[in-house]
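*Asks:* Sequence:
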Amino acid sequence: MPDVKRMHPLKYRSIFISDVHLGFRGCQARFLLDFLQSTHCRQLYLVGDIIDLWAMKGGFHWPDAHNQVVRAVLEKARTGTEVIYIPGNHDALFRDHLDTRFGDVRVCDEVVHTTADGRRFLVLHGDKFDGVVQHSLWLARLGSHAYDQLLALNGLISRVRRLFGLKYWSLAGYLKQRVKDAVSYIGNYEHAVATEARQRDLDGMICGHIHHAEMRRIGDVTYCNCGDWVESCTALVEHHDGRLELLRWTDAYPESLSAPMPEPAIALARAG
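No gaps in the numbering here: position 254 of the sequence shown is 254 in my numbering, and each next residue is one more.
None of these hints come from the bench; they were simulated from the model. Errors might be hidden in some of the hints.
Label-pair distances were calculated between CB atoms; the ranges are [to be verified]:
1. Leu98 x Arg216: 26 to 32 Å
2. Gln68 x Asn188: 34 to 40 Å
3. Gln37 x Glu82: 14 to 20 Å
4. Arg95 x Ala72: 21 to 27 Å
Computed from a predicted structure; not experimentally measured. Just so it is clear, CB atoms sit at the ideal spot from N, CA and C, and this is done for glycine as well.
Sequences and hints are given; from them, build the entire structure.
*Replies:* This is the structure in structure tokens:
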């Protein structure tokens, strides 16, 4: 994933973001707002868990930065960007309103996106491939409590790093890469998603859910995961020639603007 050098605006054919978790204290809304204000696209796909309704059951948290993100998305929709909202497990309530519009935003369960070079990708959140979330919701929520504790520690580390002028770094993401069970889970998830694309005779899959940005070939299909805006602050973008690229926005974020982030949650239930 290359470093990003900021320009205004960065122009893409399509942008895919997932797992923003607005309403959750660990949401890095300021990074996302900067990204949205610095980019332009024809199509913006919101690939699930954009609003964290699970977190809001544990206590309302909605700072102005979260409002600004919503306004930025609606402004894009109002000014000609096609915005498609694909709900995830944390904002599953919106699945009761599929194939409808909220203003200029269309709500879909899944869509097939055709790139400029003719490839066809299934776009969905991905929680349907997670057996834990699908069949053991209580276990998912229990595991998410431990994840919140990790994010709380991550917030402390981030504040210390800012004092020394260091870049943003995610402890949760670092550990996820090195814990055997997490690596195994991610691999199994990726192969399940790739199998679905293959069975539908598509060129690939674009999803989110597991907070692990990735783009790679799995057999004869291309697996793409947008990542998230809690740990990695990543987005998948399509260039005007159809080429796909993962961007890590914290690599480009100006250090002079890195004011303290919101405190991460400690006791809010969340998973994936």
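*Asks:* May I ask which of the numbered hints given earlier this structure violates, with the numbers listed in increasing order?
*Replies:* none
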